[in-house]
Amino acid sequence: MTYLLLRHRDIPDIGRLDVYKKNGGFEAFKKTVTGMKPQEVTDVIKASGLRGRGGAGFPTGVKWSFIPNSIWPHYVVANADESEPGTFKDREIMEGNPFQFLEGVAIAAYATGANAAYVYLRGEFWTVAALLDDKIAEMEKAGFLGDKLFGSDYSLRIYTHLGAGAYICGEETALLESIEGKRGQPRIRPPFPAVYGLYGKPTVVNNVETLTNVPLIIDRGAAWFKALGTADSAGVKVFSLSGRVNKPGNYELPFGMTFRQLIYEVGGGVPDDRPVKAIMAAGASSSLIVADDKALDTPMDYASVRTLGADLGSASVIVIDDTVSLEWVIDKTIHFFTHESCGKCTPCREGTFWMKHLIDHIGHGEATKENVELLHSVAKQMQNKCLCPLGEFATMAVTTAIERFPDDFVPSALGGSHG
Amino acid sequence: MLAEKYPEEIKKIFAKYPPEQKRSAVMPLLYLAQRDEGYVTKSALKDIARILDITSTDVAEIVGFYTLYHDKPAGKYRMQVCNDLSCALNGADKFLEELCGNLGIKVGETTSDGMVTVEAVMCLAGCDKAPMFQVQSSQGIEYHENMTVDKTMELVAALRKSGREVK
Numbered sequence: 434m435t436y437l438l439l440r441h442r443d444i445p446d447i448g449r450l451d452v453y454k455k456n457g458g459f460e461a462f463k464k465t466v467t468g469m470k471p472q473e474v475t476d477v478i479k480a481s482g483l484r485g486r487g488g489a490g491f492p493t494g495v496k497w498s499f500i501p502n503s504i505w506p507h508y509v510v511a512n513a514d515e516s517e518p519g520t521f522k523d524r525e526i527m528e529g530n531p532f533q534f535l536e537g538v539a540i541a542a543y544a545t546g547a548n549a550a551y552v553y554l555r556g557e558f559w560t561v562a563a564l565l566d567d568k569i570a571e572m573e574k575a576g577f578l579g580d581k582l583f584g585s586d587y588s589l590r591i592y593t594h595l596g597a598g599a600y601i602c603g604e605e606t607a608l609l610e611s612i613e614g615k616r617g618q619p620r621i622r623p624p625f626p627a628v629y630g631l632y633g634k635p636t637v638v639n640n641v642e643t644l645t646n647v648p649l650i651i652d653r654g655a656a657w658f659k660a661l662g663t664a665d666s667a668g669v670k671v672f673s674l675s676g677r678v679n680k681p682g683n684y685e686l687p688f689g690m691t692f693r694q695l696i697y698e699v700g701g702g703v704p705d706d707r708p709v710k711a712i713m714a715a716g717a718s719s720s721l722i723v724a725d726d727k728a729l730d731t732p733m734d735y736a737s738v739r740t741l742g743a744d745l746g747s748a749s750v751i752v753i754d755d756t757v758s759l760e761w762v763i764d765k766t767i768h769f770f771t772h773e774s775c776g777k778c779t780p781c782r783e784g785t786f787w788m789k790h791l792i793d794h795i796g797h798g799e800a801t802k803e804n805v806e807l808l809h810s811v812a813k814q815m816q817n818k819c820l821c822p823l824g825e826f827a828t829m830a831v832t833t834a835i836e837r838f839p840d841d842f843v844p845s846a847l848g849g850s851h852g
Numbered sequence: 090m091l092a093e094k095y096p097e098e099i100k101k102i103f104a105k106y107p108p109e110q111k112r113s114a115v116m117p118l119l120y121l122a123q124r125d126e127g128y129v130t131k132s133a134l135k136d137i138a139r140i141l142d143i144t145s146t147d148v149a150e151i152v153g154f155y156t157l158y159h160d161k162p163a164g165k166y167r168m169q170v171c172n173d174l175s176c177a178l179n180g181a182d183k184f185l186e187e188l189c190g191n192l193g194i195k196v197g198e199t200t201s202d203g204m205v206t207v208e209a210v211m212c213l214a215g216c217d218k219a220p221m222f223q224v225q226s227s228q229g230i231e232y233h234e235n236m237t238v239d240k241t242m243e244l245v246a247a248l249r250k251s252g253r254e255v256k
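Residue numbers (the numbering used here), protein chains in the order written: chain A, 434 to 852; chain B, 90 to 256.
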């Protein structure tokens with residue numbers, strides 16, 4: 434197949450400016466700046482059906498259209514905070530195909546009238562940030578960033594900003610607080626970033642993979658993009674496959690392939706041919722899917738995965754086989770979210786604390802039926818009450834594991850088999 | 090004093106943000122401050138506060154919030170092993186235990202020569218290449234993926250010998 438996002442797999446040197454240019458690089462950005470009004474660019478992205486690849490799946494063009502022309506300046510921020518257990522796609526895109534990503538940032542900036550854009554990378558992506566800094570400098574030198582681009586009046590600069598280890602900064606308002614030099618804690622919304630974003634100005638925040646699609650859509654048209662994937666989910670998606678599979682990794686696939694195809698045909702099956710017991714389709718914040726035949730044959734697009742009582746989210750598929758206890762799985766997810774809870778809102782701060790207390794208790798083999806019920810109750814009480822999605826995320830695996838895998842939570846099964 | 094020691098670096102940092110938004114420089118300045126000692130000293134806190142015209146408490150709360158800033162010294166190399174869900178499904182917990190056993194320390198401790206601290210950390214976005222960890226030293230961070238305990242002990246030996254900076 435021909436890769437659209439992971440293009441370095443077809444063209445290993447695509448990360449070099451001359452090679453990127455030779456393969457059509459920056460033509461889309463030039464076309465927008467010299468031949469299209471910002472509104473027209475947004476309309477193309479809207480018509481393409483592109484949806485946010487960071488997890489929420491919000492239509493990208495619609496997001497751009499929220500930026501008001503009554504308040505200035507505007508900002509574009511690329512969310513490269515990738516920190517959810519099971520998600521590792523944006524790093525490969527930025528390392529392998531950096532110019533296509535940066536061109537996407539540039540087009541988004543032109544479409545929304547921004548003259549400055551920030552790439553917010555998680556602090557651990559230290560070397561990726563250094564790489565992007567080099568690529569940005571090359572673009573400036575070649576006249577693709579800077580003042581009066583392509584002979585127009587449009588100017589743009591892109592800057593990197595390194596976080597320092599905080600999952601919560603992937604939440605867009607926390608991310609903006611972090612760039613402003615504050616603790617990365619979510620803001621109360623409304624107002625939304627489209628109106629009150631970075632430095633209180635209108636701001637679009639888009640995921641790395643989302644932006645990397647943009648140059649291709651401008652180049653080849655909305656209809657071309659829409660024809661890829663399914664009616665509900667246009668385009669291709671990078672699926673991050675991990676857990677108990679023989680060939681974990683990133684796989685760029687059209688939406689609509691089934692879980693069975695991903696795990697067995699693409700991922701090489703499960704070690705020792707164990708049966709798949711559970712699937713997490715969206716990383717650690719997933720609802721647990723019982724891996725029966727119906728689930729395995731479900732197409733992976735946003736709408737179909739929802740029929741399983743789960744979400745596709747960022748398409749970070751974690752495979753769990755029958756040797757693993759779901760109690761152990763939620764022990765891991767609870768520890769993660771408890772560590773990453775920012776402490777701003779009470780339901781999340783206290784709720785994750787108590788979930789951790791209870792799962793520690795259960796893990797030490799001191800569990801009773803009441804402990805499990807109380808854990809489920811605490812998780813339920815957090816739902817719909819937290820300031821940002823993190824609190825909600827922390828509960829998804831807990832409630833669905835207890836409800837859908839009851840055999841793993843009877844007292845005799847607890848505190849035992851671990852991964 | 091940070092301002093005297095790194096004038097060029099500080100100028101570069103400020104160029105990234107609007108002039109009236111100086112506070113945005115606090116995170117890059119904290120990385121700069123960690124260059125010398127591997128952690129943010131009390132005097133560096135005051136330096137940064139002075140440069141940005143905010144209080145030391147404002148700076149300290151940033152250090153406290155983010156895991157890659159440290160307010161205490163540790164080993165020259167912090168080996169930060171991911172033992173989150175995906176890595177743990179592929180042996181990260183066992184790897185961490187055996188690595189610590191080989192180094193003769195517990196998780197969170199530093200080897201007696203002061204060279205290596207082993208920490209368990211949250212997801213590093215290397216889920217398909219477990220076991221994996223990052224090495225943080227005063228000047229940067231590097232990833233090591235698809236590791237074994239043997240390969241890691243070889244890396245430790247090489248780092249002990251060379252004392253090189255991670256960048």
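Rather than coming from a laboratory, the hints here were simulated on the basis of the structure. Since we're looking at a predicted model, the values are computed, not measured. A virtual CB, placed ideally from N, CA and C, is assigned to each residue, including glycine. There's no promise every hint is true.
The calculated DSS-like cross-link candidates involving lysine-lysine, where the alpha carbons are at most 25 Å apart (straight line), are [to be verified]: (1) K615(A) - K240(B); (2) K581(A) - K464(A); (3) K789(A) - K195(B); (4) K659(A) - K111(B); (5) K615(A) - K183(B); (6) K574(A) - K101(B); (7) K105(B) - K634(A); (8) K574(A) - K131(B); (9) K101(B) - K680(A); (10) K581(A) - K105(B); (11) K161(B) - K634(A); (12) K240(B) - K789(A); (13) K161(B) - K135(B); (14) K195(B) - K615(A); (15) K101(B) - K581(A); (16) K615(A) - K100(B); (17) K250(B) - K615(A); (18) K581(A) - K454(A); (19) K256(B) - K183(B); (20) K634(A) - K195(B); (21) K464(A) - K479(A); (22) K105(B) - K777(A); (23) K135(B) - K574(A); (24) K111(B) - K100(B); (25) K789(A) - K777(A); (26) K680(A) - K111(B); (27) K94(B) - K256(B).
Beta-carbon label-pair distances, calculated as ranges [to be verified]: (28) K256(B) - N456(A): 35 to 41 Å; (29) E97(B) - N548(A): 54 to 60 Å; (30) E698(A) - D160(B): 34 to 40 Å; (31) G654(A) - G252(B): 35 to 41 Å; (32) E698(A) - V196(B): 22 to 28 Å; (33) K161(B) - D706(A): 45 to 51 Å.
Now the hints, each set against the structure:
no. : hint                          : verdict
1   : K615(A) - K240(B)             : 39 Å, violated
2   : K581(A) - K464(A)             : 15 Å, holds
3   : K789(A) - K195(B)             : 22 Å, holds
4   : K659(A) - K111(B)             : 43 Å, violated
5   : K615(A) - K183(B)             : 37 Å, violated
6   : K574(A) - K101(B)             : 17 Å, holds
7   : K105(B) - K634(A)             : 17 Å, holds
8   : K574(A) - K131(B)             : 40 Å, violated
9   : K101(B) - K680(A)             : 43 Å, violated
10  : K581(A) - K105(B)             : 19 Å, holds
11  : K161(B) - K634(A)             : 37 Å, violated
12  : K240(B) - K789(A)             : 34 Å, violated
13  : K161(B) - K135(B)             : 16 Å, holds
14  : K195(B) - K615(A)             : 33 Å, violated
15  : K101(B) - K581(A)             : 23 Å, holds
16  : K615(A) - K100(B)             : 20 Å, holds
17  : K250(B) - K615(A)             : 39 Å, violated
18  : K581(A) - K454(A)             : 20 Å, holds
19  : K256(B) - K183(B)             : 28 Å, violated
20  : K634(A) - K195(B)             : 48 Å, violated
21  : K464(A) - K479(A)             : 18 Å, holds
22  : K105(B) - K777(A)             : 29 Å, violated
23  : K135(B) - K574(A)             : 38 Å, violated
24  : K111(B) - K100(B)             : 11 Å, holds
25  : K789(A) - K777(A)             : 18 Å, holds
26  : K680(A) - K111(B)             : 46 Å, violated
27  : K94(B) - K256(B)              : 19 Å, holds
28  : K256(B) - N456(A): 35 to 41 Å : 31 Å, violated
29  : E97(B) - N548(A): 54 to 60 Å  : 25 Å, violated
30  : E698(A) - D160(B): 34 to 40 Å : 50 Å, violated
31  : G654(A) - G252(B): 35 to 41 Å : 56 Å, violated
32  : E698(A) - V196(B): 22 to 28 Å : 39 Å, violated
33  : K161(B) - D706(A): 45 to 51 Å : 48 Å, holds
The structure shown violates the earlier hints numbered 1, 4, 5, 8, 9, 11, 12, 14, 17, 19, 20, 22, 23, 26, 28, 29, 30, 31 and 32.
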